[in-house]
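**Q** First to last, the sequence lines map onto chains B and W.
Following this note's numbering, the numbering of the first sequence begins with 1379 at its first residue and continues without gaps.
Following this note's numbering, the numbering of the second sequence begins with 44 at its first residue and continues without gaps.
Keep in mind the hints are simulated off the structure, nothing from the lab.
In this text, all values refer to a predicted model and were calculated from it rather than measured experimentally.
Any given hint could be a false lead.
As the list claims (entries may be wrong) - Straight-line distance between alpha carbons at most 30 Å, and here's what the computed DSS-like set of lysine-lysine pairs gives:
no., chain 1, residue 1, chain 2, residue 2
1, W, LYS177, W, LYS152
2, W, LYS54, B, LYS1387
3, W, LYS141, W, LYS177
4, W, LYS166, W, LYS152
5, W, LYS177, W, LYS147
6, B, LYS1387, W, LYS57
Unchecked claim - Here are the simulated distance ranges between beta carbons:
no., chain 1, residue 1, chain 2, residue 2, range
7, W, ALA163, B, LEU1390, 42 to 52 Å
8, W, ASP164, B, VAL1391, 27 to 37 Å
9, W, ARG146, B, ILE1503, 40 to 50 Å
10, W, ASN111, B, LEU1390, 51 to 61 Å
11, B, ALA1507, W, LEU72, 26 to 36 Å
12, W, PRO204, B, ALA1465, 49 to 59 Å
13, B, LEU1390, W, LEU155, 43 to 53 Å
14, B, ARG1422, W, ALA148, 14 to 24 Å
15, W, PRO83, B, ARG1381, 50 to 60 Å
16, B, GLU1412, W, ARG154, 34 to 44 Å
17, B, GLY1475, W, ASN111, 21 to 31 Å
Glycine is no exception: its CB is placed at the ideal position from the N, C-alpha and C atoms.
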Amino acid sequence: MKRLLSNQKLGLVLRLIVGGVFLYAGILKARSPEAFADSIAAFRILPLSFINLFALGLPVLEVVTGLLLATGFQLRIGAFSALFLSALFVIALLSAGLRGLNIDCGCFGAAARSGSLGIALGRDILLAAMALTVYRQAVISGGLCKGTRSRL
Amino acid sequence: MGFDGEAVASKWGKDLAGFTLLAVASACLGLLINQGREHPLPLIYVIKAGQSETVGLPEFRKIVESENAIILDARPALFYRRGHVPGAISLSREQFEKEYPKRKALNDKDRLIAVYCSGADCKDSGMVAAALVKLGHSRVLVFAGGWDAWTGAGLPAEAGP
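Next comes chain W alone, as it looks inside the complex (with noise of 0.2 Å):
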């Protein structure tokens, strides 16, 4: 299909400028909405307690091997010393008070943390990243899937303290 280009270009850059006002304008009218609000939304998104983003397998295994990335077992120690995923840390939900303070790698607020539990039915890994989150870490994603989709997709495990 043929864009007729010259007459476009000549002026495309006008419609840019008018599109940004309207988007200036646009983002001004939304703002002055928003104060007419009952429970108007805040400036700056929080991201809610209980409600962590979920990745799936292949986002997760890119995370893990990456290797930048906190990977936190929320399983019960028992489970983790029997096998989990490589590099992982075991940060249990009945235990995290006790531990988190033990995890150093936890120090760094804004590195990327990924937590998962058994499988995509347990709610451990959705409970210890509510609680990171709460505790001010900024980056932190739930694999749905657990343990049960690392290990049926045949993925290496590591097992041991």
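Looking at chain B on its own, in the form it has when it is part of the complex (with noise of 0.2 Å):
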């Protein structure tokens, strides 16, 4: 299991995963704020005052992991963004389950539908499993993955 966890193969196949994911992810929401702002608001986590400052950065910032993800560059970062950005909606969803809200996850933004709170749930749980693989591999071999230099 830990031999298969550190195949660089596999490390790149996750990382083109999740980069993909979090660029889909970013331009779908990117494109429409005033959604997405209203999901994140559905969530009942943030006030008022930060909703819209998140619907404005988070799309940029997961575009932003998945380029990082996608090329290499910097990528410790970019798999710790990911690391920390899905661990973030898992936590949320969980909240937003154990308060019993009838809403839609909105991580693909509004107009994707993306099914109920569970299947999002058992998404954003896999999608942190293969960034903790990533980044696990990228702190492993030092930042340097398929020739590419990611360190700070």
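Both chains are sitting in their own frames, so use the hints and assemble them into the complex.
**A** Here is the structure:
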């Protein structure tokens, strides 16, 4: 198992998948920040004054994270960002679920209905696990992956 | 799965710092892009009238049982008298303008308010909620299932004025 998780090829594939998901989700959200702000508001976690800042900033952060992962530039930061964000999404979805909120996750913009919160939660846990594997590999290989320097 | 702790722990602080920088830069870039949009998003989120948040039965029940929130019955007063959610106040949609000033509990505009009407198809709760948001109430929810869902679940009711 440990050897499999350290496999460079697997790392590359996972990094492209995670990067692709972040790019896709970020672009969809960036296209309609109003709708994304409504999705954030529905979670009732952030105070009103932070919702729009999040709605504007998060999609950009997702796109940048996706680009870092896909290109391998500053891979450690990109992988850390993917791990941090997916963990954040998992916590937000869990909290919404525990409070019995009947909302759409807004994961891929409001237009794309993403099914139940449970499905979204499962998907985000999978994403977090993949991001963790990529981050772990990036740390162990000292930030060198496929010949790309990615340390701070 | 082992996480090869030391290698990760020694540098994750640096990664966190890098991520923070990335997040701040993204927020700034997001704000900048927003300024270039045809209709920029305002900096502070505005709850849209007529689009109040809805809650399901489990959460509504918790709100009712907490006794901290104001529960509003948006149905005509006759229905309210025949039976309503325990602790609810009547504020029907038809009589809204006349009755609103009399409801002293509504003076505190930051208190949580949950509105319901007869069932999932009625519009009264949404309209009352929208009117309350317009009047400056900051935390207004609509219990979408309404009276039908409440009684359907066999939950207690109160009758009278």
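**Q** Please flag the earlier hints that this structure goes against, numbers listed from lowest up.
**A** 8 and 16
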